[in-house]
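Colleague: First to last, the protein sequences are chains A and B.
Numbered per my numbering, the first sequence spans residues 12 to 165.
Numbered per my numbering, the second sequence spans residues 2 to 261.
Since the hints were made in silico from the structure, they are not lab data.
A hint or two may mislead.
Stated by the list, open to error - What the simulated footprint calls covered on chain A by chain B, stretch by stretch (three residues with Cβ under 8 angstroms from a Cβ of chain B suffice, anywhere in the stretch; the number is not a length):
#	region
1	32-40
2	59-71
Stated by the list, open to error - Lysine to aspartate or glutamate pairs mimicking EDC-like chemistry, simulated, CA-CA at most 16 angstroms apart:
#	chain 1	residue 1	chain 2	residue 2
3	A	55	A	103
4	A	55	A	152
5	A	55	A	97
6	A	16	B	39
7	A	81	A	109
8	A	55	A	19
9	A	165	A	144
10	A	65	B	39
11	A	165	A	138
12	B	38	A	19
13	A	55	A	153
14	A	66	B	197
Built from N, CA and C at the ideal position, the CB exists for glycine as well.
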Amino acid sequence: MKRSKTMELGVGLFVLAGILGLVFLGLSVSGLNNGLSSTSFTLKADFADIGGLKKGSRVTMAGVPIGKVKSVELDQEWFDARVTMELNGELEGRLSEDTTAAILTSGLLGEQYIGLTVGGAPDTLEDGDVIHDTQQALVLEELIQQFVSNMASK
Amino acid sequence: MIKQRIASLGKSTLDTFESLGRATIFLCQASIGIPGKEGFHLWLRQMHFIGVMSLAIVLVSGLFIGMVLGLQGYTILVDFGAEDALGQMVSLSLLRELAPVVAALLFAGRAGSALTAEIGLMKATEQLSSMEMIGVDPLRRVVAPRLWAGFVSLPLLTIGFSVVGIWGGYLVGVDWLGVNEGSYWSNMQASVSFIDDVGNGLLKALVFALVVTWIAVFQGYDLVPTSEGISRATTRTVVYSSLAVLGLDFVLTTLMFGEL
């Protein structure tokens, strides 16, 4: 009987370790808690070019993750990219209206993410508002093209 | 002469299909029985042997594979100045491919062969037919707990393999070779998706668990009850399950990640 108890304990620990491992894979490896608290609000932003931005990409402010990209779609009217972001609910009503959004790259070859920078306007952004002042992604080909045409004109 | 050849071809085809059919019926009969309290204890005993006792070999292999991935990945990526992507490389290769496949291969060698030999010896010493004689169904008493223990153990072992492997990659990459710790984790978190990578890896592990345990138990149940038969069946278990795991892995990878 004693032997069976240690066996039960061993199997229980094994299953528990498996579940803890899965939680670790979820939280630490796939980053399911992307800086999001339980409440969230959405903001939209229009970009001329989003480069490699995808659904699930990080949204940061001063480098701190505060949300993620919820969806990316093409605006059928203006033919630019409309990005919907899901942000930490605590920030609702605290970002100034002239907040800017830029698509940044982490490292030279890293993934792309959105960086928000607050402005100084007294009015604030509410749920569902659109950020107008945006900076498109740096596309390497365009940079090289610019560089080459600059060299050629000299 | 030719007629004989054709006849033997036909015989081997029929034999193959017959044994496939037997194996399918066997799987259905064995896994369908809902275990009672007694069944739970039998299952627990098998979980201990199949799962807990396999933990050591699986975790140690996972650690070394993660460390090798960290080392090899670093020497390749540093040429492109992209050693920050090490975490992404280590975690994706472990979660998608290496953990399910290597854990299944180790599982086939460590637990599968033991299952075949155990059940085979029971058959050779006529324990199985004695059970039938006294009215105990050997499929429910002997086979079902082993099957279910295998189905549950291998996915858990695969999770353990991934976790330890990612930690091994961290050990070599960050602690030893000096990759930035923040970029190791943040690149990983940005590129690993829970459903697509962790979930699909687990799905693979489930399929492999089914296949490996099924092959092991069926080979034991269906063998020729002699000492030679047991040794043949044990070999067949390891060979068939390794081939099945590697072949199925390709099929599953094309379905999951091949964007077909």
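Colleague: Straight-line Cα separation of residue 66 of chain A and residue 197 of chain B no greater than 16 angstroms?
Modeller: Holds: residue 66 of chain A and residue 197 of chain B sit about 13 angstroms apart, inside 16 angstroms.
Colleague: Between the alpha carbons of residue 81 of chain A and residue 109 of chain A, is the straight-line distance 16 angstroms or under?
Modeller: Violated. Residue 81 of chain A to residue 109 of chain A sits at ~21 angstroms, over the 16 angstroms cutoff.
Colleague: Are the Cα positions of residue 55 of chain A and residue 97 of chain A separated by 16 angstroms at most?
Modeller: holds (9 angstroms)
Colleague: Within a Cα-Cα threshold of 16 angstroms, do residue 165 of chain A and residue 144 of chain A meet the stated pairing?
Modeller: violated (33 angstroms)
Colleague: Hey, residue 16 of chain A versus residue 39 of chain B, does the alpha-carbon distance stay inside 16 angstroms?
Modeller: Holds, at about 15 angstroms.
Colleague: Given that the region 32-40 of chain A was listed as covered by chain B, double-check it with a C-beta distance under 8 angstroms for 3 or more residues.
Modeller: n = 7 at 8 angstroms, threshold three: holds.
Colleague: Sort out whether residue 153 of chain A lies within 16 angstroms of residue 55 of chain A, counting only the CA atoms.
Modeller: violated (26 angstroms)
Colleague: Between the alpha carbons of residue 55 of chain A and residue 19 of chain A, is the straight-line distance 16 angstroms or under?
Modeller: violated (53 angstroms)
Colleague: Sort out whether residue 103 of chain A lies within 16 angstroms of residue 55 of chain A, counting only the CA atoms.
Modeller: holds (13 angstroms)
Colleague: Against the 16 angstroms threshold, does the CA-CA distance of residue 55 of chain A and residue 152 of chain A hold or violate the hint?
Modeller: Since the Cα atoms of residue 55 of chain A and residue 152 of chain A sit roughly 27 angstroms apart, the hinted pair is violated (cutoff 16 angstroms).
Colleague: For the pair supplied as a hint, residue 165 of chain A and residue 138 of chain A, confirm whether the alpha-carbon distance does not exceed 16 angstroms.
Modeller: violated (50 angstroms)
Colleague: Quickly compare the C-alpha distance for residue 65 of chain A and residue 39 of chain B to 16 angstroms and report which way the hint goes.
Modeller: violated (52 angstroms)
Consistency note: the structure conflicts with the earlier hints numbered 4, 7, 8, 9, 10, 11 and 13.
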